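Following the hints, put chain C in place on chain R, whose structure we already have.
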Amino acid sequence: MMDVLHWDGTLSAKDFRIGAFAFAQKWESRNLAFPPWSWLPCPKHPWLAPPKEEGYLSLEKICISRPNEEEDIDQISQIETGEEETCCSGNEDVLDDATLVQSNHHELHYCDFQIVYSSTFRVPVLYFRAYCSDGRPLPLDEIEKELPACSSKELSKKKWTFITQEEHPYLKRPWYKLHPCGTAEWMKLLFLSDNANPKFEVVLELYLLSWFSVVGQVFGLRISFKISD
Amino acid sequence: MEAPKYVWEGAIPLQIHLHESQVTTLPPPPPALILAPRIGYLPLLAPLIKPYFSSTLPPGVDTIWFDCNGLPLKWYIPTGVLFDLLCPEPERPWNITVHFRGYPGNVLIPCEGEDSVKWSFINSLKEAAYIMNGNCKNVMNMSQSDQLELWHSVMNGNLEAYQRVSSKLKLATVDDEYASLCLQKSQQSVIETDLPAQAKTGRVPVRLYVLSVSKDFDDLDEIPRVDSWEKISYINRPVEIRKEDKCFTLHDALKILLPELFLDESLMNVKLGGVDLEDAVRNSNEDVTSVKVVEDQGQNVCKQPEACRISSSAKIKLIRIQGIEPKLEIPFSWVANNLLNPDYFLHVCVCVKVAQ
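Order-wise, the sequence lines are chains R and C. The opening position of the first sequence corresponds to residue 1 in our numbering, with each subsequent residue numbered one higher. The opening position of the second sequence corresponds to residue 1001 in our numbering, with each subsequent residue numbered one higher.
Because the hints were derived from the structure by calculation, they are not lab data. Just so you know, these numbers come straight off a predicted model, no measurement behind them. Note that the Cβ used here is the ideal one computed from N, Cα and C, for glycine as well. Possibly wrong hints are sitting among the right ones.
Stated by the list, open to error - Derived DMTMM-like pairs (lysine to aspartate or glutamate); straight-line CA-CA distance at most 20 angstroms:
hint, chain 1, residue 1, chain 2, residue 2
1, C, K1137, R, D8
2, R, K44, C, E1230
3, R, K44, C, E1260
4, R, K177, C, D1115
5, C, K1255, R, E54
What the hints assert, rightly or not - Non-contacting residues of chain C with respect to chain R, defined by C-beta distances greater than 12 angstroms in every case (computed):
hint, residue
6, E1020
7, P1029
8, L1044
9, Y1052
10, D1062
11, P1090
12, N1095
13, E1149
14, G1157
15, L1220
16, E1222
17, I1223
18, C1247
Bound conformation, chain R alone (with noise of 0.2 angstroms):
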């Protein structure tokens, strides 16, 4: 099995496939207010049932709209020992719909997101789209709005480096995205900063729950784990 000191950050389709069922896993079973991801296949060709080995993650209608200025959406997790842990500021407002307080008629904004393997950059990609409740796309410079202070920042400073918008390449819809180039090497750098030199096996389990922990901030999303569990 590889060594983790060797490895270079990326993963191969068939380790995509593993990891990514190792999280939908991991996800669902957190007890997250969030609903669990599906497993699609890829059509690859129209004349062609989609091969059963190649597929993305999907989770639809997440509500990124923040209901506070402020603060971001924090999310509470429960790690195995069944204590409950919260995430910064001490903020315990859960992401529920149904008690989402909504002030001044603020319309409700949601994103899709996927999480599709990148054969070019062997790494996962997030990308997502936004829509108001009746549907209506939402362009990037509203989602903007209700992305956490840091992200709108990064957003102004690279516009076109860091979220992209280009077909999604199985939907063949426009969809935005996170763009991958510098991937690989912070998942390497997360795996290595813990002292603890874990097999690939345990890399694999936990890649894409820390791969979406350090992404899904730019939404205000933030899942708490820890490596060494």
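Relative to chain R, chain C alone:
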């Protein structure tokens, strides 16, 4: 003349009609005749096209877009590739329709003019750099002036300027040990120079466009018009040249990109009509990479692959790169190093006949 020069000089004659919904004068304006560079992108032609139609356009904001027989054209695909894909029987001039209103935002990603095209190009270049070098630092760290110079060289079709700036990127060239060995053998002496060792890569950036048709055909003009992008599969996947003791061919590359079509390896005996690059050039002064396969005693334009039962349900009918139909046995490294677009991607169009 070197192949890249041919590629850069390749152009498609376009006959551009203004969409009837936007014609406000009688008689309607005649179509614009424009020579579009193969390696360019349609929205970049806006400054050339607008003067033809500005007096007849209704007032309002202009967002240019094109369609071919009703199919909205994806602006981020190079013009030559669109032509090769949508016009298997090359139509000269190529008739397309221009619109300045009613941008189909649900089908086409937005295009805010030259800037959008430039960033799409730079992002593709970044991706290609990542594939060849393992990182895209060289593109990310390009100075503003270099970036602009590179982009302008593409817009203006200036190969010299392009090569000057792109060589600074130190993008690896595609290596094929076997092919270079053969080349060395054929040369009497190989002179060592003081040039720094050129970085080599075995990974080739490829964008494959597959048009599937359900009915077999003898002539290219029997291929039905493409009315939906659903009929076209897009595969954006690097091809790794395997270092074996034989030449890695275009055929080998296709086997990697379209494994579904090569299920029955033992029946491999595919031959497609190929055209010598030199002949192609001598035949045309406009579209340099003219595709007409040498008509052999009045036979059909496209020779059907013989014994091409690659798989019982599907077979490759046509392969086009920069307007050329290369033979399958051609060394893939040559194709990758010579027929690439300025974004360092090899764009390959394939027509596949499938069982329906």
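Going through the hints against the structure:
In summary, the hint linking C:K1137 to R:D8 is supported, as the alpha carbons are separated by about 16 angstroms, within the 20 angstroms threshold. For the hint pairing R:K44 with C:E1230, the CA-to-CA distance comes to about 11 angstroms; that is within 20 angstroms, so the pair holds. For the hint pairing R:K44 with C:E1260, the CA-to-CA distance comes to about 10 angstroms; that is within 20 angstroms, so the pair holds. About 18 angstroms separates the Cα atoms of R:K177 and C:D1115, which keeps this hinted pair within 20 angstroms; it holds.
Taking the CA atoms of C:K1255 and R:E54, the gap is near 18 angstroms; set against the 20 angstroms cutoff, the hint holds. Distance check for C:E1020 against chain R: the nearest CB is about 27 angstroms away, which clears 12 angstroms, and the non-interface claim stands. Distance check on C:P1029: its Cβ is at least 31 angstroms (rounded) from any Cβ of chain R, clearing the 12 angstroms threshold; non-interface status holds. Distance check on C:L1044: its Cβ is at least 18 angstroms (rounded) from any Cβ of chain R, clearing the 12 angstroms threshold; non-interface status holds.
Listed as outside the interface, C:Y1052 is consistent with that label: its C-beta sits roughly 29 angstroms from the nearest C-beta of chain R, beyond the 12 angstroms cut-off. At the 12 angstroms boundary, the C-beta of C:D1062 stays outside the reach of chain R, the nearest C-beta of that chain being 19 angstroms off. At roughly 24 angstroms, the least C-beta separation between C:P1090 and chain R is larger than 12 angstroms, which holds for a residue marked as non-interface. Listed as outside the interface, C:N1095 is consistent with that label: its C-beta sits roughly 25 angstroms from the nearest C-beta of chain R, beyond the 12 angstroms cut-off.
For C:E1149, the non-interface assignment is confirmed: its Cβ lies about 18 angstroms from the closest Cβ of chain R, beyond the 12 angstroms cut-off. Annotated as non-interface, C:G1157 keeps its C-beta farther than 12 angstroms from every C-beta of chain R; the closest such distance is 24 angstroms. No Cβ of chain R comes within 12 angstroms of the Cβ of C:L1220; the nearest lies about 20 angstroms off, and the non-interface call holds. In this structure C:E1222 is separated from chain R by more than 12 angstroms, as the shortest Cβ-Cβ distance comes to about 18 angstroms.
Residue-level check passed: C:I1223 sits 15 angstroms from the nearest beta carbon of chain R, beyond 12 angstroms. The claim that C:C1247 lies off the interface holds: its Cβ sits roughly 24 angstroms from the closest Cβ of chain R, which is beyond the 12 angstroms cut-off.
When held up to the earlier numbered hints, the structure conflicts with none and fits them all.
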